[in-house]
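*Asks:* Listed below are the residues making up each chain.
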Amino acid sequence: MIFLIILVGIFQSWSIALTILNYCLISAVMTIGANIQWGYAGLINFGIMGYTALGGLAVVLVSVEPVKKAWQVGGLNILACIWIIVAIIFVVKFILNRFDKSKLRNYSVASVILGGIILLRVTAAPGIEAIESVDPAKTGFLGGMGLPVLFSWIFGALLAGSLAFIIGKIALGLRADYLAIATLLIAEIIVSIIKHEEWLARGVKNVIGLKRPAPYEIDLQTSEWFINLVTKFNSSKLNLINSISDKQEALNQMIIDASSVYVKLCFTGLFLTVVIILLIVTQKALYSPWGRKMRAIRDNEEAASAMGKNIVKEHLLIFILGSAIVGLAGAMMVTNDGLFTPGSYRPMRYTFVIWVMVIVGGTGNNFGAILGGFVVWFLWVEAAPIALFLINLFTSHLPETNALRVHLIESAPYFRFLVIGIGLLLIMRYRPQGIIPEKIIKQ
Amino acid sequence: MDFLNAIIVLFNFTIIPALAYGSQLALGAIFVTLIYAVLRFANFATGDMMSFGTMFAVILTYYFQSLGFGLGVLPTALLTIPFAVLMMILYMLIIDKFVFSYYRIKKSPPVQFAMVSVGVMFVTQALIRIIIGPSDRRFLDGEKFIIKATEFKEMTGLAEGITLKSTQAITIIVTLIVVSIMFWFLNRTKTGTSMRAYSDNEDLALLSGIDPKRVVFITWVIAGILATIGGVLYGLDKSYRPFVYFNNMLPIFAAAIVGGIGNPFGAFLGGYVIAFAEIFVTYAYKRFISYLLPEHLEPDSLLQLLSTDYKFAVSFSILVIVLLIRPSGIFKGKVI
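Sequences listed follow chains A and B, in order. FYI, in the working numbering the residues of the first sequence are 1 to 443. FYI, in the working numbering the residues of the second sequence are 1001 to 1336.
Keep in mind the hints are simulated off the structure, nothing from the lab. In this text, all values refer to a predicted model and were calculated from it rather than measured experimentally. Don't be surprised by glycine CBs; every beta carbon is placed ideally from N, CA and C. Misleading hints may appear alongside valid ones.
[Stated by the list, open to error] Pairwise CB distance ranges, derived in the manner of DEER restraints:
#, chain 1, residue 1, chain 2, residue 2, range
1, B, Ile1321, A, Phe90, 19 to 29 Å
2, A, Asn300, B, Ala1197, 28 to 38 Å
3, A, Glu302, B, Phe1183, 36 to 46 Å
Kindly produce the complete structure, drawing on both the sequences and the hints.
*Replies:* Encoded structure:
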């Protein structure tokens, strides 16, 4: 796998290779999250997109500077809304606990929720309008807390985890394929809320220029030590050039290239740390008594329940843990991109491809999941160039203007779906355990 | 008079669109439910299979148009449906032969089927995009409107008009015909009964001499008809775009589960439940109310419960509520 990425570095460019590597690492984090749910406990969660988006939202909420003016004009309303939501939840809980099951109880719960929603709309409307009109081209939202961006990774995990708690409470009792559909749809609801509530994170207007845990290219290009470093690395190449102006130009180009590679390397280092920590923790957990219990529940719920294991609680716990890791990955991804684009969260890319990664790599095996993340992401990105190359090869006897050839070349980007789909079908058929199957160590 | 106007506003902006949209969803939902009842898995390739059938209809429509065939006032696409259905059934049978049958014989758990259908979804999506491309296409020809708002106003002298698009009328009529033929088939013919028996209890059905291969074959044939017709009707009404079809899978699932999965009649009604809910919740009632109330009471706001951005979210929330309160669906489907 590393070899393939090095090949891309040589053939395309080092910057592209590192971008792919970074995304592979992020995908690896996501697959670890999904693998915890699917491989350890057999929970099918098609809501990965929602948690990824929440992780991204966390980056905005944590790292962006607060927009003071927006808080002044509309902050009170939003805070009031939060109180109203809390009040609704408590009232509903109170009614549910206090009274017996009856028609009257159902109606009163429904009316409390309905009344609460109307109250929410009335309170929120002026606040939202005021917030969104504060310099709409640049802000128009509440902003975040202005903290360093790395905090947002933890916050993203917390946010996704707490949402998973609510969803788990609601949906975990369902049978497997219903759970899949329910989580898929709930994720869609989350994304549509993030997309359309502009006061929260600008919605489809996107937030750009997020903070970075790594230096900026511009700063690097003007700093003394970095220029010296680049000169040192490329001294042999530079010595070949004779004229001074040419030399300076070549050096400038090298510095620009090197700065982007350097920034990406910083990210790679950070992501690699996260992946390694997660890998160690999950590996330890998998072979601990807790992991054994999880496998027991996965393989035979009734037997595990008869042995006194609390299945509902364990399922909920693992649902939260896996989702939190996916949320962390979502935060990492937005940090890497430096922008938050809610419109780009689509189930195809953020749910199904991740699932293919887990299935292809190996369910229940963390190394397998990481390998799956690498292989599938690599194919996803590189399928188009490879397909283009193959199309050119096979249609080279046809003239340039041949309709079929032009059509095929135009549709090259879509071959990635074909490759992934056929890959998944083949793996499911001939190697249902994945590339690296689950290993069970017996003591 | 004002009361009539109010009713017409409501009729024009909510009921007619909801009926048309609901019919399209209903066809898809019956497709999902049939596959679930007989083959026992949630088919995640639903949206893309509908899109695949529609693709043939689009291509054939362009071909027929170039030849000069047509149905006059009716859209040419109606003429292409039989051919598209045939291609669709062929594709489904190929997929079944090479992909699903293996897992059926092995009696794999439904989750594995669902994952396999995700693989089929990827492949189908790739084929569609490679063959026809991801862009937006309109393939509606013939007469666009049956009644225009201005004509209606002239006819009745009311302040509000009704617009009835020909696609909406075609959608509702075709759906009713297809669905009634299908229910007749399922309930009255011997093959239909054997299908229901197979869906109720596979082992008993086998014992009484029902050929499972035949049941599966018939199921895919009906599924192909439903998927293609549903897809073409949606494409005629809105426009054909592969991505949108993929997204439509979600409300279709919602409709099937709300109606009680495995129950075709439930799925049929579930489609309308979802469509009406989506449209009624996101419709701005200002104009409707302003006709009913005296002038000084006229509301300032739009009187919209949720903005139209949340159209899909409404149907999903209904699904979540139904799953919570009555997981077997409104019209008792298979017990979960």
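*Asks:* Now tell me if each hint is right for this structure.
*Replies:* Verification of the supplied hints:
Between Ile1321 (chain B) and Phe90 (chain A) the C-beta distance comes to about 20 Å, which sits within the given range of 19 to 29 Å. Between Asn300 (chain A) and Ala1197 (chain B) the beta carbon distance is about 31 Å. The supplied range of 28 to 38 Å therefore holds. For the pair Glu302 (chain A) and Phe1183 (chain B), the supplied restraint of 36 to 46 Å holds, since their beta-carbon distance comes to about 39 Å.
This entry satisfies every hint, going by the numbered hints stated previously.
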